[in-house]
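> Note that the working numbering numbers the sequence shown so that position 255 is 255, with each residue one more than the last.
These are computed hints drawn from the structure, not numbers from a lab. From the three backbone atoms N, C-alpha and C, an ideal C-beta is built for every residue, glycine too. Don't take each hint at face value.
[To be verified] Computed Cβ-Cβ distance ranges for the label pairs, DEER-style:
(1) Ser43 <-> His279: 37 to 47 Å
(2) Met88 <-> Ser117: 40 to 50 Å
(3) Trp155 <-> Thr110: 40 to 50 Å
(4) Cys64 <-> Gly112: 38 to 48 Å
(5) Leu47 <-> Met88: 40 to 50 Å
(6) Arg169 <-> Ser254: 22 to 32 Å
(7) Tyr122 <-> Pro11: 38 to 48 Å
(8) Trp60 <-> Leu208: 27 to 37 Å
(9) Leu208 <-> Val92: 43 to 53 Å
(10) Tyr122 <-> Leu47: 24 to 34 Å
(11) Tyr122 <-> Glu79: 34 to 44 Å
(12) Asp275 <-> Asp56: 39 to 49 Å
(13) Ser150 <-> Val115: 43 to 53 Å
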Amino acid sequence: MPMIWALQNDPVFDLLPISIKEHAKTQQEKFLRDYRTVQEFLSDVGLDSANPVSQDDFLWAWVCCNSRCLYMELPEILEKKLEDNLTMVPFVDFINHAPEDHCFVSISPTKGFQVTSGPRPYSGGDQIFFSYGAHSDEFLLCEYGFMLPSRCNPWNSVDITPYVLALLRAEQSEFLKEHNYYGEYTVMSDQISFRTEIALATLQVKDLSKILAIISGMSEGGAYKKNTDLLIKKILNKILTTSKERVGKLRQCSESYNRSSLAIQAHHNINIICDDYIHH
């Protein structure tokens, strides 16, 4: 997981795509905050010196819990709190991820926790899967430490947020923040997200009130689409250039072969989407 690479000061981390690094940094901050909380608790009860918990041991446990726990909304009749929806289930945490559910998890007051296989035949030794959610390979790598094979994940996208934010003037940024369209700008193989469309249209107008018609659905923003497409392709070409440079450096990281291979795959996923969009 990239968060671990950052904690261990592995040079591979610095060669990852920007969006993965940002995700991992957020995880790292959360982990360090949790570790400090545990240390403070142990100190308060007088256990910090008698039975210290090393950062490495806490990291192992923290990653195990965060990558294996399940979130399920429990029936209202059980009168549970929101945090009770998180749990760890022995053996169920062995079930791996696929973009589409092969089996289904349910819980009821009468039948308890159940895993039901989908409408397909199974033979002895077959592996069953369920979907962890509509997650991109970048999310899966950061949260679980793996990615799907190339072109197998329909949820992949390219995060162009830092490139777009760098183009915004102060009043444009404030406008987007006011209307909840600041950040989270993504591009898919053949389209851009609505958030991206709004941000790039905002770059093209002096009268920001014109963008409200697009936000409300009163206008499709056709007048901005040509320049938006040009801006997107310019940004994607920048990303491709940076990605190719980093892949070249990653191929020289022989000491961290497994990690560098994952980082190269992450760049490859981005390059596929960039190339697809530029030539679609």
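> Each hint needs a verdict: does it hold in this structure or not?
Hint check results:
1. Checked against the given bound of 37 to 47 Å, the beta carbons of Ser43 and His279, roughly 59 Å apart, lie outside it.
2. As the Cβ distance of Met88 to Ser117 is approximately 22 Å, the hint placing it in 40 to 50 Å is violated.
3. Between Trp155 and Thr110 the Cβ separation comes to about 35 Å, which falls outside the hinted range of 40 to 50 Å.
4. Distance hint check: the CB atoms of Cys64 and Gly112 are about 24 Å apart, inconsistent with the given range 38 to 48 Å.
5. For the pair Leu47 and Met88, the supplied restraint of 40 to 50 Å is violated, since their beta-carbon distance comes to about 24 Å.
6. Our hint of 22 to 32 Å for Arg169 and Ser254 is violated, since their Cβ atoms are close to 45 Å apart.
7. Between Tyr122 and Pro11 the beta carbon distance is about 44 Å. The supplied range of 38 to 48 Å therefore holds.
8. Take Trp60 and Leu208: their Cβ atoms lie about 50 Å apart, and the range 27 to 37 Å is violated.
9. A beta carbon spacing of about 50 Å between Leu208 and Val92 agrees with the range 43 to 53 Å that was offered as a hint.
10. For Tyr122 paired with Leu47, a C-beta distance near 48 Å fails the hint of 24 to 34 Å.
11. Between Tyr122 and Glu79 the CB atoms are about 37 Å apart, so this pair conforms to the stated range of 34 to 44 Å.
12. For Asp275 and Asp56, the Cβ-Cβ distance of about 40 Å falls inside the hinted range of 39 to 49 Å, so the restraint holds.
13. Our hint of 43 to 53 Å for Ser150 and Val115 is violated, since their Cβ atoms are close to 29 Å apart.
Taken one by one, the earlier hints fail for this structure at numbers 1, 2, 3, 4, 5, 6, 8, 10, 13, listed in ascending order.
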